[in-house]
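Chains S and U supply the protein sequences, listed in that same order. When you read off a place in the first sequence, starting at 1, and then add 138, the result is the number in this note's numbering. When you read off a place in the second sequence, starting at 1, and then add 1, the result is the number in this note's numbering.
Quick caveat, the hints were computed from the structure, so don't treat them as lab data. Careful: at least some of the hints might be erroneous.
Quick list of the computed label-pair ranges, beta carbon to beta carbon [stated by the list, open to error]:
#1 U:Q192 / S:R206: 45 to 53 Å
#2 U:Y21 / S:G301: 28 to 36 Å
#3 U:D199 / S:R140: 47 to 55 Å
Stretch by stretch, here's where chain S covers chain U in the computed footprint (C-beta under 8 Å, at least three residues) [claimed, not checked]:
#4 200-213
#5 245-253
Once the Cα atoms are required to be at most 20 Å apart in a straight line, the calculated PhoX-like pairs of lysine-lysine come out as [stated by the list, open to error]:
#6 S:K299 / U:K218
#7 U:K78 / U:K96
#8 S:K342 / U:K268
#9 U:K306 / S:K175
Where a beta carbon is used, it is the ideal one built from N, C-alpha and C, also for glycine.
Spelled out from the first residue to the last, the chains are:
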Amino acid sequence: MRYAYYTGCVAEESTSELDYSTQRVCEKLGIRLEKMKSASCCGASDIDEVNLDLSRALNGRTLALAERDGLDIITICNVCTLTLRTVNKNLKENPDILDATNQVLGQIGMKYNGGVEVTHFLWVLMKDFGIERLKPFVSRPLAGLKVAPFYGCQILRPADKLGFEDPYNPTSLETIIAALGADPVDYAGKTKCCAFLISLAREKTASAVLGQQLWDGKTAGADCMVTPCPLCHISLDAFQTMAEKQLGRDIRLPIFHLPQLVGLAIGLDPAELKLSRHMVSLDGILAKLRGRAPAGVVSGAPGE
Amino acid sequence: MLATFKIQKFNPETDGKAHYRDYEIELPERATVLEAIIAIKEQLDGTLSFRCACRSAICGSCAMRINSCARLACKTKVADEVARFGTVLIEPLQKLKVIKDLIVDMDPFWRMVEKVRPWLMPDPHETPPERERLVAQGTDRDVMRDSLCIFCACCHTDCNVTEIEPGFVGPAALARGHRYVADTRDGATEQRIRLLSDSHGIWECARCFVCTQVCPKGVDPRESIRQIGHLAFERGLVSDDGARHAQAFLDSVKASGRLNEATLPLKTRGLGVLGMTPLAIRMFLKGKVPFPLQKPVPDVEEIRKIFELTEKKR
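Looking at chain U on its own, in the form it has when it is part of the complex (with noise of 0.2 Å):
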């Protein structure tokens, strides 16, 4: 198979910026890009930089972005690629510092895995058992999958909000930060709930659900997320405007049977709202803004009902 290979190429003390370099090789049909890439590195292009090690994707190391999407080198054919695209990508990760070709500076993605504490914490007023603390089975689905991550970035880099918002924690560390909140011999966890949704935590990702699809190891961090809502939700823990978003669309929901689009923004934003006044006023005129009392759809009773029986006292 003969492929073609267009690659980002950047090197500090020479370029001023970065440059695209394009390669024609014969390879298996099987061939991955890392394959790809360290043949390319051999026969054509010496100075070719990048990160790799264990080729089966456990380390981690050879995620670069491929074709516009985050993934592991190591375990993507170049055949799929050819098919999809006709030519083969690649780029480092984007938003974080190039310091040669494919290789990027990884500290800022590890900053923010740090913030999440990724270590247990045991309750330090509990006795130190004497044995080792055994996990209930089925309490250990949620600890397992979060722990199928290798701090890859893949999803950190590519997710939508980090790509604008650089303070955002990201898919990655959240999904790791749910990790100690599922696991019961942790001692912390009303902490690590608080912490994960602060301002810059769960409550800031858009659901673009980009994390879970980039994933190359079935992590699936929106789910992880989504599951910090709700221990959030149950401990009340609902100042942040996105907790009175979902609280808002609930009660909405619960009245009418449907969401109420004209009272949601000052539910939300209290008094915040205010500084959305000229908007509103523009989407009024074109009979944008739906009037706030609502007619509740036919069978509401039936609706209101389903939230009688499934409702959890707080």
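Chain S extracted, bound-state conformation (with noise of 0.2 Å):
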């Protein structure tokens, strides 16, 4: 199992802990990551708004550069996700628009001729490695923790460049968790926004809207959230006090990449996941799964 491995800008920089962790779990799973060093920003939902052919040129040159090696792409980034799925189909359903983005990177000595697929790290625990295959590794399951997934918006929405599973009862972060040993939390803003994309534009709105999912997380039980995209991790962890701030409650959810959950699951040493990166401790949650939770601090009740 071999992928051409797109980072993405967050996950090389403020959330290296995701890079870092992604890549411990595949060594050990045995998915074997190709990285994708000259890969270019995938211009997120801005480029795409300010010039449609330049988000088109860039992406079709990612999606060139992996053609050229024969490998799928993995992502591990919600909006790289959407973003380059978005262009790969409008390259392949679109001749004119595959010839003129072919235009461009002709310059540059390049060309796509539609071969590649994109997918994500969640979605390749899930299909292409699978659910089966990933239980013989949990050496240490997560017995007891209540853990509320997160999807994020652009891993389910729009589903016609998505389409993974159900964009409104979605399952795949629950089966993980479940198969983790841990017990996952129903709520309501497990599959809602957390407003990342305009947290420096709008920082009242997106404070507001973030605290609300992870207040419904917290409200339900949960001792930790999960995310698949680092982009809902910067919003939930470090933004968390913001949402804080703006609601008037104290909330402090520690919450896990994707790949740290399974990696301490599979037995992965937690300095080898980073977890000490992250603004909210996850020290609690550690102290759980030793079975020494000091009374209060992980499953106690959500201060007001």
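Assemble the dimeric complex from its two separately framed chains, guided by the hints.
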């Protein structure tokens, strides 16, 4: 099992713990990642807003790089996933758009023929690798840990570009959480927005949107959350204090990147998962997993 | 098919607050949720109140939340909902005042639609033509897509931003606004783009894609919002922090091939970024603020060439 590994900008820098833990987990599971060193940023939903031709050419180049190596692309970010898949679908389904894009790519000696699929680490675990194959790797089941899945928008919607699962009733994260021995927590915010993309431009609104989802998860009894997206992670973890301020409530909910949660259960050392880089401490969770949770820290009633 | 329903009920004359009532009813395999609640009203609970008219997804009046998602009751099959959720939970559209049971006051929604001036405004300096104005083929595609909207308010009420920020004009209104921007017969394009990109307009969209996903008619409000953003850029309307964010993003990818997370806040917010200093310091201590001077990705010349070939002059 081998993929062209599209790390994405945010996982290379502010959430480098995601890149790091993804690589450790894939090593252990035998999933080979060939890092796409010269790929550009996908442009998120910003570049396609300014200049659609540019977005198609930039991402067309990324797709062509993978095609040249005969590999499909694996991403670890929801926004990269949607952006690359949207461009890929456009190029594959519209010969005119593909031609126009290849006119540009031709000038740098490249061509895309439409032969690449773009997938996400979550989907690879669920489908290509498979949940039954994951279970025997679970050497330290996360027994008793209540985990709230936070999908993030751009891995579910719009389904015509993503389409891995029911956008209103997804189950992949719950399936993985259960396979790792933990208990998935159901709550209203699990398919909602973290508002990362307007966190700079509309800070108050974004903090209130974010706060609602965190609070929903917290009050549903979660010890922690897990997300497959580094942008959601920045919101949920690093901007959590802004949400607390906006809500006037303590939340203090630790947030895992998906490969970190998998990594803990398959026996990787917390140091290998770089858990100490998080803004909201995961110490209470680790103590709980070691069976010495200080009362009230992990599963205590949420503070008002 | 025996199906179970949990329906939110509220009668302002007798109830202090909303409550849920369970119903169990035998239905034909092909029944829609609308047919089910009509049957419930006829056979089990004459007080159950809801709006409906056309029964064929044209009037938009039977919009309600079905298993926590805004949908048209007449376009939703009971069997599909039972297969996905085991039962059918029905609630009124969220964030609008409940008049009774599933009937909500749509006025706040209409006020948002009115804000985008949803009518053709011909150029006042243009002499009215002798005959009808013809729309050239190919320019009508976006107008057609936006025009499919039936104002059911599914996208508006499920939007993750309007849910929190009632001032946001919302996806339905923005798509309707775009319908007139895209119409070649309209003479107020410039004013419209300014109006739609004001503080509660397109830059408040968080890109959650709920609107595009829930629309029962195939309108794609997020795409319409993107297109308005594009037109705002073409005209240099880039004073909003949302637009500055997009511009900063573009500049950073052009320079290094990658997003520069360190400079993005400053370029988006200007001096307003100072309010974020305490958070920035704590993030810095965790190693979460990258060094502002980035090493470009290998082969960045290819990326710069792509920019050169695709950038349009403003």
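Comparing the hints with the structure gives:
A beta carbon spacing of about 48 Å between U:Q192 and S:R206 agrees with the range 45 to 53 Å that was offered as a hint. Checking the proposed 28 to 36 Å range against U:Y21 and S:G301 shows it holds: the Cβ atoms sit about 33 Å from each other. The given range of 47 to 55 Å is respected by U:D199 and S:R140, whose C-beta atoms sit roughly 49 Å from each other. A count of 9 residues in the segment 200-213 of chain U with a Cβ less than 8 Å from any Cβ of chain S is obtained; the coverage claim is therefore met, three being the minimum.
Residues of the segment 245-253 of chain U with a Cβ under 8 Å from some Cβ of chain S number 7, which satisfies the need for three, so the listed coverage holds. The suggested pairing of S:K299 with U:K218 holds, with an alpha-carbon distance near 17 Å, which does not exceed 20 Å. A distance of roughly 25 Å separates the Cα atoms of U:K78 and U:K96; the hinted pair therefore is violated under the 20 Å criterion. Between S:K342 and U:K268, the direct Cα distance comes to roughly 19 Å. Compliance with the 20 Å bound is thereby established for this hinted pair.
Between U:K306 and S:K175 the CA atoms are separated by roughly 18 Å; this keeps the pair inside 20 Å, and the hint holds.
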